[in-house]
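**Q** Listed below, chain by chain, are the residues.
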Amino acid sequence: MSPYSDIVLALLALTNLIFLASSRLLACIRIVAVQGMLVGLLPLIAYPTSIGLHALCIAAGTILLKGVLFPWLLRKALRETHMRREVEPLVSYPASMFIGFLTLVVAFWISAQLPLPLPTASPLVVPLALSTILIGLFVVISRIKALSQVLGFLILENGIYAFGAALLLEQPLVVELGVLLDVFVAVFVMGIAIFHISREFDHIDTDALDQLADWTDPVSSE
Amino acid sequence: MILALILIPGLAGLVSFISRSSRVQYGLLLAAAIMHVGLTASAWFKLPAPIGQNWLFLDDVGLLFLSIISLLFLAAALYGVDYLRRIDHGHSRSREQGLIFRNTPQATLVASLLFFLAAMTLVTVSQHFGILWVAIEATTLTSAPMIYFHRNARSLEATWKYLLICSVGIALALMGNILLAVATLAPNGESAPLFITQIGQLAAQEHLHLPWLKAAFLFLLVGYGTKMGLAPLHTWLPDAHSEAPALVSALLSGALLNCAFLGLLRIHQVCVVAGLGVFSGDLLIFFGLLSLLFAAVFILGQTDYKRLLAYSSVEHMGLLALGVGLGGRAVFGSMLHALNHSLTKAMLFFVAGNILGYYRTRIAADVQGVLRVMPLSGALWIAGLLAITGFPPFGLFISEFIIFKEALDQGRYLIAAIGLSLLGLIFVSMSAIILRMAQGSPAAGVQIQRRPESLLAVGPPALFCLLTIVLGLYIPQRLEELLTRIAVFLGGADGCGAFHKQWGERPHTPSARSGSRRVSPMGDRRDQNGRSVSSPVRPASRRWRHPAAGRVGP
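Heads up: the protein sequence lines correspond to chains A and B, in order.
According to this note's numbering, the stretch in the first sequence is residues 1 to 222, in order.
According to this note's numbering, the stretch in the second sequence is residues 1 to 554, in order.
Pulled out of the complex, with its shape left as it was, chain B reads as follows (with noise of 0.2 Å):
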């Protein structure tokens, strides 16, 4: 079944490569994302049979991202042909540019599409790490097309930078996997296959040289960072995300930077294991930081409604990492916001692609009225950025404020206080760009929309809208099960000892390191016996299904 779900797309993208009939390629897009989903729905029955020994099988965490990419993937493929339909009669004028969109034959984007698809669905249940590298490595290959779409000199510089930034960094990644390799030698000069269970057993039983473990993870961090779109390595990000066509942003930013993560939380994991939780954790939290910082001051005057979304996604890149590296109960408050982000980024780039459609600019000044214009993106518009920036009711709201909750409650206040501040400002200066475009009556020229907005083109923003909005009320048990799991797996929750039930028995006491593992940058050390490292993931719906019992300024 894991080879179908990678299998099925691989091979509809070459068929729709050779095809000629754009009918054909759609029919296949439509249909591998229907089968996409299918299997990847009937795994949260059954999980799939392994292949090989340890090479690829889908465990929790992958079995959540993979659920993101399907969903996702099925939302932007619908969205996707009516998109395409819609930009194909004629050749269209972009205001900015004075360009004609010459469009590609379409066969190219949805061949990519489909094949992208199936590197992504690699990534997600590849077991080994030269595997994930190489499946991480053929994302960028497979995307950067998709980002030359337009073919014009501005798309053309977008996919140079992202070419050449993301095979760099992903090289640095490579050298990652080498320095593991080295962190692994026995004494006889024999190396351990990159298995990430077999690297997770041989970090429990204090095997792994930690010098070059440490080195691992920062060529690691470096590497997949870059693709995930972490600060100050995210340069390619605003460029690719805000030149791509709308459902290629979608995917980019909910999906495509999922897969990056992935491939940190698998290192992290083996870090946190091997003793060096506080190293990696407290490097997740710089960097995330920063990404927040980063688009808190680029988000502020920014005048491209694309770029702006693009840099949101840095903050929310930001925001996982720091989920992470707080360990605890973030790490559930991290996998729930990866899951929330994903839906609403992707409905965000959605409407922008029909806020696009129609004004042909991607200048935020320029862009007025659109609740009168086009009522039903506009007010998908506003509801996108009460999503994004973390408005209750929706589903950012719950997850953030369990990341912040478990980061006060570890005691470390400056982290909790530069975090909120920051996304305050984003909050501001978000809602000032995005209300003014919403709002007042279009400018001289622009017509009034007569017939009503395609399905296709206000359906999928509609229906992750809804998601979000019921993510944020309530959390499914499966789903909150799963998300517990992984925190548990990755170290969150009761701390490293669920590792060790699955990892093999490590010969100190896992309790004295998963204190350790709390040591704030103030200094205080938090008890081994404290709340957030003995007691299960609480359930968050639970607690928080009443936005105003708990209110926090997102």
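Only chain A is shown next, with the shape it has when bound in the complex (with noise of 0.2 Å):
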């Protein structure tokens, strides 16, 4: 594994920092979007030895889809639902960058528990990505706007693609491919119903989602 990989690692753990500082949405999507490239590039520029054709390929159908065909989609679906453009997050910023900072202290833990059986990979590659994966799931739990879950979504998704691209760990091309449209449909049909929240409910703060719950009475709910 080259010593090039460590530092597209660490600046994933950069962008996750960012991302939870900025207040505007269209910067949020620009650093997810830088982050898509990054992983993307992370197995060629980690295995510069070991480039061939599959590699290329799924290099350059990452980079094509979440460096530039979902920050496409996102921002026609930011501009077209006149929402918003501050992220209103549930967490304060500070306590956001704090919760951040932790998540990267839990995955140096856990990493420390489960030794790689791969000598050759970076240490850093299981914190960092598990790190990813945390900070995704803290954003898709912390964030009110509809979008800003899309966003934490796409991070989790980068942070296992990290993981799995740094140690190489090549799947049959079909898979990769299923894969991949697979996730393309998931962020296609979120941006479809995002267009639908915002024509029903003026906004797309998923806060007024709240119809569906236990024990109230839907009648006098109303």
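One or more of the hints may lead you astray.
So the derived label-pair ranges between C-beta atoms look like this [claimed, not checked]:
no., chain 1, residue 1, chain 2, residue 2, range
1, A, Gly61, B, Val15, 24 to 34 Å
2, A, Tyr4, B, Met1, 45 to 55 Å
3, B, Ile51, A, Ala55, 24 to 34 Å
4, A, His54, B, Ser454, 20 to 30 Å
5, B, Phe17, A, Asp214, 33 to 43 Å
6, A, Gly61, B, Ala417, 45 to 55 Å
7, B, Phe17, A, Phe201, 20 to 30 Å
8, B, Ala31, A, His54, 35 to 45 Å
These aren't lab readings, by the way, just hints derived from the structure by calculation.
Treat the numbers as computed from the prediction; the structure is a model and nothing was measured.
Glycine is no exception: its CB is placed at the ideal position from the N, C-alpha and C atoms.
With the hints as a guide, bring both chains together as one complex.
**A** This is the structure we're talking about:
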């Protein structure tokens, strides 16, 4: 594994923290796009000797999807739904940053418990990928806007992808393409859902989605 | 033939998406459903040829789940054509919301249904963890538009929750797959492809890194458990099931949850062979009991009868997990339970759709006198209540009996006691709600139906009711053999012996491990020659044909 891969991994962690501190949705979309390109490049940078057609195809597909197509789709959603451009998190920015650091600590602790059976891999792979996954989960639950939740989902995906790519766990092409296709359709369907939410409620804050619950009489809650 | 099973619904879905005539769409839906059932039935006589070497083939577990899906889909298609035609007549007003039901062009629903069938079929035949993941995620994406069928704020909320929670869950399952690949890493840094049989062989030869396999199981459990509706990850389930149209709820509950369960079975199987059966089994038991607890709490005092049915699905998914976790004969019970639950729950959702169509409310308290207004649906509603709460002679009684008998045989009294008392609680609260709906006289303003209920609205649930009674009294020879083979394959019955016949010999004796599988949480170790270990799965039908002989309160 080439030493440059550590730089990519460190950049990955950095983009997470910048994301947590950004207050503009547009900036957040850009950061996730950069992150998508980083994880797409990761296998090529980490293993420059083993670049084949398979690896090139997957890297190109990933960069195109995560770095170009998703940001375009999400920016379109942002423009056409006329939503407010602030992130409006449930947890304040400094607290989010702090939680971001905490996930790093937790991820390093977990990876110390699970020694990689692959001696050549960088020791940063597991903790940084794991912390990206945790931050993705955190963003999904701590942001109100539907668009931010999609971004959280993408960060989670990026973390998972980085983990697999950094260890060069190559799966057959069919499987990898299937995974990419599924993620694409997922984001596409979520994008459509965002349009519908904005049309139905005039905004995309998911805290308005609270009608379905137990122990409340839907008639009286009208 | 496997390709035909997937491509027929897929292509029919494409055509119906493009076509504008609703007659063409309904025709395609029915034709695809009938052909699918036909092909599935032929698979019972001759297993279809595999595709690739290990990519797609139908094994025993796959065949059972494929049959459930196929049967349910045909019933849902028959019911659905009638249902869609009924609500097609102009706009109807929902009493509880005052929102007009603006129905989407039926094209979207019919196309999604067919794509959904193709995706679920792919789940049952995939023999590669990656393809399995792709297929399970595809079921989420194809079913989301169906939940948004009514196009109002509430169904939108349900769809968003479903999409986001399940996508995040499934993403964690992807992480589980990657961890599984790490577990296969050889010293030279090569990872094995994730074919299920190949992973099984590696596990049997002790070539897997066990800590990583454990981590993989945890992630897959959370991922597929979310999709399956195991508590506390079930939160999307009641919303999606209550907002979707009746035929979709029936399919989600009876077919989709089983698909996710199949994903869990595959990885549990690997854990059992690798000697981690106690680890994965105990986790399944824990989440199974937790699901029972959550279901009991939320069914108690539930006001919405479709949510009630949804929580009952959480309960039964918990029982499935519990049965597989216990191992031994409970695996047989669990498989039988999956079949029975699908039939019964689909029947209940169909009837709930009839009731909703008539009363226009999902509030249980506002529905009274179903028996008087709709005699057939009312009778089926009560029969469904008895069936779902495990009353003899319905099939769920037998399967629940087998699961809890195995728990008692293993000396796990605490598990059996918790499980049975929660089932009792669920029985009491469910019957209070459902019986109140069925009896009494309808509130003022509700007209007693003049014309008889349509055949397609009561036919499919009546058929399923009949089937589950039959399964409670007699299990056909072929089905029993299939279930026994599955139980043996999944590490039930005679421990892991069958695995090694199929997946290569393991250096250590399997009996030592099958004994250690049975360590109960209370610490007493069951004798490895105990009956549940060594004796083959006893044909349930022969032993429990007379419910009076072994009555256990449901």
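**Q** Is the distance from the Cβ of Tyr4 (chain A) to the Cβ of Met1 (chain B) consistent with 45 to 55 Å?
**A** Given about 50 Å between the Cβ atoms, the range holds.
**Q** Lying within 20 to 30 Å: is that true of the beta-carbon distance Phe17 (chain B) to Phe201 (chain A)?
**A** Since Phe17 (chain B) and Phe201 (chain A) have Cβ atoms about 28 Å apart, the given range 20 to 30 Å holds.
**Q** Is 24 to 34 Å right for how far apart the beta carbons of Gly61 (chain A) and Val15 (chain B) are?
**A** Given range 24 to 34 Å: holds, Cβ gap about 29 Å.
**Q** Mind checking the hinted window 33 to 43 Å against the Cβ distance between Phe17 (chain B) and Asp214 (chain A)?
**A** 36 Å, holds
**Q** Just to be sure I understand the hint, the distance between the Cβ atoms of Ala31 (chain B) and His54 (chain A) should be within 35 to 45 Å; is that true here?
**A** 40 Å, holds
**Q** Is 20 to 30 Å a correct range for the gap between the Cβ atoms of His54 (chain A) and Ser454 (chain B)?
**A** 56 Å, violated
**Q** Just tell me: holds or violated, for the beta carbon distance of Ile51 (chain B) and Ala55 (chain A) against 24 to 34 Å?
**A** Roughly 26 Å apart at Cβ, these two residues keep to the hinted range, so it holds.
**Q** Is 45 to 55 Å a correct range for the gap between the Cβ atoms of Gly61 (chain A) and Ala417 (chain B)?
**A** 54 Å, holds
Of the hints listed earlier, the one the structure fails to meet is number 4.
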